[in-house]
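Participant: Please put together the full structure from these sequences, using the hints given.
Chains as they are written, first to last, in numbering that gives the first Met the number 0: chain A, 0 to 384; chain B, 0 to 384.
It is possible that part of the hints are untrue.
Heads up, the list lumps identical chains together, so a pair's fine if it works in one copy or across two of them.
Here are the simulated DSS-like pairs of lysine-lysine, each with C-alpha atoms no more than 30 Å apart in a straight line [as the list claims (entries may be wrong)]: (1) K271 - K363; (2) K190 - K271; (3) K190 - K361; (4) K271 - K361.
Hints are computed from structural coordinates only; laboratory data are not their basis.
There are 2 protein chains.
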Amino acid sequence: MNVVLNGLSRHYRTVSFDAATNAVVLIEQRMLPHQFQLVQTADYRETAAAIRDMIVRGAGAIGATAAYGLAQGVRAFRGSGLAAFEKHVARVFQALADARPTAVDPLNAMRGVLAEMQAGETVAERQALALAAAEEFAHENVNNCRAIGQQGARLIRHGMTVLTHCNAGWLAFVDIGTATAPLYAAQARGKRFRVICDETRPRCQGSSLTAWELAQQGIEHRVIADNAAGHLMQRGEIDLVIVGSDRVLGRTGEVANKIGTYTKAVLAHRHKIPFYVAIPLSTIDWTLESGEAIPIEERDADEVLCADGLLLHPQSSTRNPQSGRRVQIRVANPTSRALNPGFDVTPPELITAIITPLGLFKPKDLWPHLHSLTSQSAARNPGRT
Amino acid sequence: MNVVLNGLSRHYRTVSFDAATNAVVLIEQRMLPHQFQLVQTADYRETAAAIRDMIVRGAGAIGATAAYGLAQGVRAFRGSGLAAFEKHVARVFQALADARPTAVDPLNAMRGVLAEMQAGETVAERQALALAAAEEFAHENVNNCRAIGQQGARLIRHGMTVLTHCNAGWLAFVDIGTATAPLYAAQARGKRFRVICDETRPRCQGSSLTAWELAQQGIEHRVIADNAAGHLMQRGEIDLVIVGSDRVLGRTGEVANKIGTYTKAVLAHRHKIPFYVAIPLSTIDWTLESGEAIPIEERDADEVLCADGLLLHPQSSTRNPQSGRRVQIRVANPTSRALNPGFDVTPPELITAIITPLGLFKPKDLWPHLHSLTSQSAARNPGRT
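Facilitator: Listed below in structure tokens is the structure:
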């Protein structure tokens with residue numbers, strides 16, 4: 000894999016494709032927030048490795064990466080005959096599907112590409128269609144996020160302070176993101192506001208990824224410990240909350256998202272602060288009948304017991320770490336164990352509205368308004384995990 | 000300062016005095032939870048340095064350290080005549096008072112020792128009285144915590160899961176602690192239960208100090224990210240919450256404590272989980288008329304942006320770190336800033352009761368039941384900060 004850019008910039012998509020070199024181009028997310036690197040994969044095997052090794056994460060982003068990876072593999076075919084070609088295609092598909100075996104997004108994205116390819120009669124036609132379909136998938140992902148931004152921008156008023164939790168930003172999608180989309184759209188309309196980023200322990204996606212994104216976008220923001228949100232709300236210092244979601248139940252309006260989301264919703268409700276959830280339609284699960292049926296992943300205890308970041312020299316200023324060495328430290332008592340539920344479920348009565356590309360809906364109104372529209376197309380552009 | 004013990008043990012007080020060597024003996028809290036060290040100070044100057052450099056922290060603990068430090072200095076007097084002695088005493092007092100200039104506890108503790116010394120007519124008598132008074136202060140501190148334990152132990156039932164926040168344990172007092180006192184008393188009565196320790200970012204006193212204490216005591220416990228408490232309550236996995244406090248307003252029943260306490264109280268109230276605050280009477284502030292008047296310290300942003308712990312070798316198991324090197328890391332985006340309020344205020348309607356050495360009281364009942372009893376003696380044994 001090649002490092003093609005090494006340094007900060009705000010002008011790159013999380014996932015893109017360079018047709019000239021037949022390469023998938025990715026932001027190396029494991030280096031963030033301490034270093035910005037664009038990498039490009041030489042072939043589909045490297046693309047599969049990038050998904051597996053979490054160079055790219057977030058369902059929208061890994062879906063697009065798999066779609067591009069399939070096109071990349073398909074375009075590299077140098078044999079002859081459709082039969083040999085289809086055998087090659089199946090091999091590429093499998094390699095990319097195996098990269099994150101429990102994720103549904105790469106599968107859905109690649110199935111869309113395969114379906115589009117069938118319209119071609121020759122190898123060359125199918126190769127061209129594969130890339131066009133992958134580009135279309137990425138384009139649709141961006142368009143959905145942009146539409147969320149347009150729908151949500153009017154919620155952001157000049158001078159507001161907006162709280163967000165975890166990262167549902169452009170790093171989790173092809174671009175723009177979901178919870179961040181209304182912020183970026185409001186900024187584009189010239190509004191000035193301030194964002195509070197929950198640190199979001201244990202993995203600190205708020206203080207590392209969201210804070211990094213907002214810094215790139217030039218949006219004023221502050222990081223807080225997750226413990227501080229209640230106090231700030233009590234003091235009237237939060238006007239609005241926007242979060243993303245991993246799964247919204249279309250039948251009940253319940254919202255599964257990163258651990259801690261429920262707590263912020265309870266606090267916002269107590270303080271009568273509007274609480275919004277921004278999602279593409281593909282995040283809606285129309286099948287489950289109760290939030291209790293959502294499996295809550297119990298993650299590795301070491302996430303809670305440890306932390307990772309850039310090693311600071313004892314003498315250096317912490318604002319300008321001189322060391323480039325990323326390390327892990329043990330924070331907790333060495334003989335203690337941890338519980339680490341990864342997600343929680345927020346009930347509909349705590350949610351002001353769900354921001355979707357088609358408009359804002361009360362959680363209980365998703366079914367009557369959107370079910371017939373979206374249950375067929377939902378597989379095309381899944382939300383993040 | 001001498002290291003007198005290097006290794007784990009559960010049989011030491013946070014602060015004690017060795018009359019034979021005229022030394023204050025302290026648990027070196029800056030090394031916890033990764034290393035247990037007892038240190039002893041050679042003279043009152045070293046004792047002042049130990050307070051200043053936070054080898055010992057927690058108001059109960061630094062009060063006792065100052066009282067012992069005064070006795071230590073007084074006992075080292077080698078001159079002759081009461082006048083020279085009193086001059087020496089004033090010098091010792093000032094050195095210890097200057098160690099943490101904003102803390103009220105060392106001052107109150109030392110004033111108590113000075114008052115007791117006045118009964119002596121000779122230097123030798125006053126020296127003996129100084130040590131007796133310091134021992135009496137420490138003894139009273141322990142007795143108060145023990146009484147809190149007796150009052151609170153009946154709240155802990157067999158098989159319960161108890162949530163606690165931050166550290167109001169024996170490390171913050173001479174022994175036993177406040178929020179932990181009912182746990183230790185219940186354990187002594189043969190009850191078995193489980194404790195959930197909020198990590199308590201940004202300084203992680205829960206995952207480092209409280210988890211360490213509980214491990215020493217052999218109490219089953221798990222550390223969680225602060226984000227996880229709401230989810231566990233929602234799932235019915237928390238039966239009771241006990242926290243300490245830095246200041247309880249006797250007039251209103253409002254409770255100031257470590258940032259995040261308010262959030263847990265709001266969650267507990269929603270889920271009808273009893274929420275208790277354990278304090279010595281000296282923690283009650285009878286003067287302030289509103290929680291809004293409590294100054295909320297805005298602490299160093301680096302606490303939120305960074306973390307500290309034991310450096311893990313990339314190859315080592317995180318459960319058995321091979322490295323003994325304590326380091327600081329930058330977790331957050333390097334160009335982002337933070338807000339870091341250190342404390343919050345919980346209103347009385349969210350608090351089931353205040354556990355005191357004299358019994359359990361509804362927050363609003365503190366004034367009618369305790370004001371006349373305690374407003375005079377409060378200065379003798381202040382709570383932690």
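Participant: Next, verify each hint and record whether it holds.
Facilitator: Hint by hint, here is what the structure shows:
1. For the identical chains of this complex, K271 and K363 are neighbours both inside a copy (19 Å) and across copies (26 Å), given an alpha-carbon limit of 30 Å.
2. For a Cα distance limit of 30 Å, the shortest separation of K190 from K271 inside one copy, 23 Å, qualifies, whereas the shortest one across copies, 41 Å, does not.
3. Taking identical chains as interchangeable, the C-alpha atoms of K190 and K361 lie at most 30 Å apart only when both belong to the same chain, with a minimum of 26 Å there against 47 Å between chains.
4. Within a single copy, K271 and K361 get their C-alpha atoms as close as 16 Å, and across copies as close as 27 Å, so both meet the 30 Å cut-off.
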